[in-house]
Amino acid sequence: GDSVTQMEGPVTLSEEAFLTINCTYTATGYPSLFWYVQYPGEGLQLLLKATKADDKGSNKGFEATYRKETTSFHLEKGSVQVSDSAVYFCALMGGNTGKLIFGQGTTLQVKP
Amino acid sequence: NAGVTQTPKFRILKIGQSMTLQCTQDMNHNYMYWYRQDPGMGLKLIYYSVGAGITDKGEVPNGYNVSRSTTEDFPLRLELAAPSQTSVYFCASSGSNSPLHFGNGTRLTVT
Numbered sequence: 298g299d300s301v302t303q304m305e306g307p308v309t310l311s312e313e314a315f316l317t318i319n320c321t322y323t324a325t326g327y328p329s330l331f332w333y334v335q336y337p338g339e340g341l342q343l344l345l346k347a348t349k350a351d352d353k354g355s356n357k358g359f360e361a362t363y364r365k366e367t368t369s370f371h372l373e374k375g376s377v378q379v380s381d382s383a384v385y386f387c388a389l390m391g392g393n394t395g396k397l398i399f400g401q402g403t404t405l406q407v408k409p
Numbered sequence: 136n137a138g139v140t141q142t143p144k145f146r147i148l149k150i151g152q153s154m155t156l157q158c159t160q161d162m163n164h165n166y167m168y169w170y171r172q173d174p175g176m177g178l179k180l181i182y183y184s185v186g187a188g189i190t191d192k193g194e195v196p197n198g199y200n201v202s203r204s205t206t207e208d209f210p211l212r213l214e215l216a217a218p219s220q221t222s223v224y225f226c227a228s229s230g231s232n233s234p235l236h237f238g239n240g241t242r243l244t245v246t
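Here the protein sequences line up with chains H and U, keeping their order. Under the numbering used here, think of the first position of the first sequence as 298, with each following residue one higher. Under the numbering used here, think of the first position of the second sequence as 136, with each following residue one higher.
Looking at chain U on its own, in the form it has when it is part of the complex (with noise of 0.2 Å):
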């Protein structure tokens, strides 16, 4: 009974260092997103997925990159990390008309 699983949970970039955030699910969704969480300013979209092999840009998708391999992993790449991507990441995902699953979080801080 797994849902959506993020991992790391904290992560402690310095600037200009990469990493991947690790989003995997078990309920066989078909459509997947990466979100942001900044103080005040609600989710914002990064990136999505409607399917294995199928990724779009969300509403701030510039410094990430996505992939979709299968349908039950979504990672999310940073290359090269800036203290404006200091947030907190939430995976989520939906079958078709929905409501989304979310995961618990990835807490990053990029100094």
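So here's chain H without its partners, still in its complex pose (with noise of 0.2 Å):
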């Protein structure tokens, strides 16, 4: 069935540093794309996508984009700060049913 694999955590980053985290993904057809964030206490929220190959979706000064190819979606930042430190899961959407499947998730720490 279809899945999703994220490198495991926590990742801990100084602030401004450069982010990546990795995440690749199994799927029949054509799957669209998610990365969710969570912050402390809350629930998810969506922090951007891509529906077909070679999409960058981009949100908030992340990017990521959809690599065919290599079944990948790996999220990437420029320059993080403290308020960035959260769970980050990725997701993939295939089929008709609307069902999300998610990756573990990868915490983030940035320390100033």
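To be clear, the hints were calculated from the coordinates, so they are not data collected in a lab. Please note that a few of the clues may not be correct.
To be verified - Using 27 Å as the maximum straight-line C-alpha spacing, the simulated DSS-like pairs for lysine-lysine come out as follows: (1) K365/H / K179/U; (2) K408/H / K357/H; (3) K374/H / K346/H; (4) K346/H / K192/U; (5) K374/H / K408/H; (6) K144/U / K396/H; (7) K396/H / K179/U.
Both chains are sitting in their own frames, so use the hints and assemble them into the complex.
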């Protein structure tokens, strides 16, 4: 079945460092891909999405490119801030049911 | 501008007790979902619904039941609580081909 694999955390960075969180997927057909963010004590919020190959999703300085040839959707940010500390989830949606399949989440800690 | 509302925020149950987690959305979304989140495990889909009167099992449905009598509401029922059901539960909704909107979660402890 469909699945999503993320790099394990926690990822600890200093402020203004470059961030990459790896995400790869397995799916039949052409799924849509998403990154969600969860701040402490809150629900998940959509960060960005891409719906077809070579699309680049971007929001709040974060970017991810849908790479069908490597089945990847890595999250990047050029300069992280302390306020970016959160748990980041990669997810895919395939088929007609609208079901979202999540990776296990990667905790990011940014230190001043 | 409520979005997805879950109640209660916290609950402690004894083994064998039952309870219903409430979820309501005001966005007229057809799709609704229940997920559980366990540390280091991401989110696992319990049940979902593609419209009023229609429900289906997700990855981890055992021990739970749902109903969808209206578009707005999607309650999750635990009949005989077990320690393995200690988790954080998230309800979500979406329209066709649109991202999911999540509630703020219900933290459940079964002792």
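Results for each hint:
Among the hinted pairs, K365/H with K179/U is consistent with the structure: their alpha-carbon atoms are about 25 Å apart, no more than 27 Å. For a cut-off of 27 Å, the pair hint linking K408/H to K357/H stands: about 19 Å separates their Cα positions. Between K374/H and K346/H, the direct Cα distance comes to roughly 15 Å. Compliance with the 27 Å bound is thereby established for this hinted pair. Between the alpha carbons of K346/H and K192/U the distance comes to roughly 26 Å, so the proposed pair stays at or under 27 Å and holds.
With a CA separation close to 15 Å, the supplied pair K374/H and K408/H stays within the 27 Å bound. For the hint pairing K144/U with K396/H, the CA-to-CA distance comes to about 24 Å; that is within 27 Å, so the pair holds. With a C-alpha separation of about 11 Å, the suggested pair K396/H and K179/U falls inside the 27 Å cut-off, and the hint holds.
In this structure, every one of the numbered hints holds.
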